[in-house]
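Engineer: If you read the protein sequences in the order shown, they are chains A and B.
Heads up, the numbering used here is the position in the first sequence plus 199, with the first residue counted as 1.
Heads up, the numbering used here is the position in the second sequence plus 15, with the first residue counted as 1.
If you're looking for bench data, these hints aren't it; they were derived computationally from the structure.
Where a beta carbon is used, it is the ideal one built from N, C-alpha and C, also for glycine.
A hint or two may mislead.
As the list claims (entries may be wrong) - Ranges between beta-carbon positions, derived for each pair:
#, chain 1, residue 1, chain 2, residue 2, range
1, B, Tyr69, A, Gly295, 15 to 25 angstroms
2, A, Gly299, B, Arg87, 35 to 45 angstroms
3, B, Pro131, A, Ser226, 19 to 29 angstroms
4, A, Asn300, B, Gly77, 17 to 27 angstroms
5, A, Gln266, B, Arg87, 19 to 29 angstroms
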Amino acid sequence: DSGVTQTPKHLITATGQRVTLRCSPRSGDLSVYWYQQSLDQGLQFLIQYYNGEERAKGNILERFSAQQFPDLHSELNLSSLELGDSALYFCASSVGRESGNSPLHFGNGTRLTVT
Amino acid sequence: AQKITQTQPGMFVQEKEAVTLDCTYDTSDQSYGLFWYKQPSSGEMIFLIYQGSYDEQNATEGRYSLNFQKARKSANLVISASQLGDSAMYFCAMRGWNNQGGKLIFGQGTELSVKP
Numbered sequence: 200d201s202g203v204t205q206t207p208k209h210l211i212t213a214t215g216q217r218v219t220l221r222c223s224p225r226s227g228d229l230s231v232y233w234y235q236q237s238l239d240q241g242l243q244f245l246i247q248y249y250n251g252e253e254r255a256k257g258n259i260l261e262r263f264s265a266q267q268f269p270d271l272h273s274e275l276n277l278s279s280l281e282l283g284d285s286a287l288y289f290c291a292s293s294v295g296r297e298s299g300n301s302p303l304h305f306g307n308g309t310r311l312t313v314t
Numbered sequence: 016a017q018k019i020t021q022t023q024p025g026m027f028v029q030e031k032e033a034v035t036l037d038c039t040y041d042t043s044d045q046s047y048g049l050f051w052y053k054q055p056s057s058g059e060m061i062f063l064i065y066q067g068s069y070d071e072q073n074a075t076e077g078r079y080s081l082n083f084q085k086a087r088k089s090a091n092l093v094i095s096a097s098q099l100g101d102s103a104m105y106f107c108a109m110r111g112w113n114n115q116g117g118k119l120i121f122g123q124g125t126e127l128s129v130k131p
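Pulled out of the complex, with its shape left as it was, chain A reads as follows (with noise of 0.2 angstroms):
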């Protein structure tokens, strides 16, 4: 068991409509990360915040919006839902703001189909 915890485990949902992802970091870490993996883009970075500020951006659609709140749980939300958007959706943690040598961990993640 990492310590993260994300919940739904499963959502399906249509097209066009609006889902809230939910991440728990491991006690005493300050970054949360998110992730989506799908087959043919593999692992892609989305977006990071440390302590309640964003720290990172990768990949994410101007659809997608987080944000990490004062107890430091983190909240992906994902609007305008398109087939494409179907993938298993990672949160990770980490202590630091940079991190160093220290591994993220991460939840069992959250599989979302758009049909």
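Please build the complex by placing chain B on the supplied structure of chain A, with the hints as guidance.
Structural biologist: The following block gives chain B in isolation, referenced to the frame of chain A:
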């Protein structure tokens, strides 16, 4: 920009034998870290081993070792005495120590199948 290349989409190994999973990387950062993760069919991402760019010795963690060749920019994972439970996807990843956050950049992965 950083890039990780894993050229073996799939590999087979006999149980109890050793196997090497290839990983090459490209970066302009002077300092960086290399990581390997395992993803079983159940989907979770499990951290296996870490190697820092300035570490003089190859990292080892139990049956896992990392064959780090800095000049060749390669960081191959060696699994000794393969077990059926080692069947999974394996991802190589890197992080540059460049004040651009702690994200990891991942390769495309290698699917390892262990035969009894």
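Engineer: Do the Cβ positions of Gly299 (chain A) and Arg87 (chain B) conform to the proposed distance bound of 35 to 45 angstroms?
Structural biologist: Because 24 angstroms falls outside the window, the suggested range is violated.
Engineer: A range of 17 to 27 angstroms was offered for this pair. Does it hold for the Cβ distance of Asn300 (chain A) and Gly77 (chain B)?
Structural biologist: holds, 18 angstroms
Engineer: Range hint 15 to 25 angstroms: satisfied by the CB atoms of Tyr69 (chain B) and Gly295 (chain A)?
Structural biologist: holds, 18 angstroms
Engineer: Taking the Cβ atom of Pro131 (chain B) and the Cβ atom of Ser226 (chain A), is their distance within the range 19 to 29 angstroms?
Structural biologist: violated, 40 angstroms
Engineer: Holds or violated: the 19 to 29 angstroms window for the beta-carbon distance between Gln266 (chain A) and Arg87 (chain B)?
Structural biologist: Given range 19 to 29 angstroms: violated, Cβ gap about 42 angstroms.
This entry does not satisfy hints 2, 3 and 5, going by the numbered hints stated previously.
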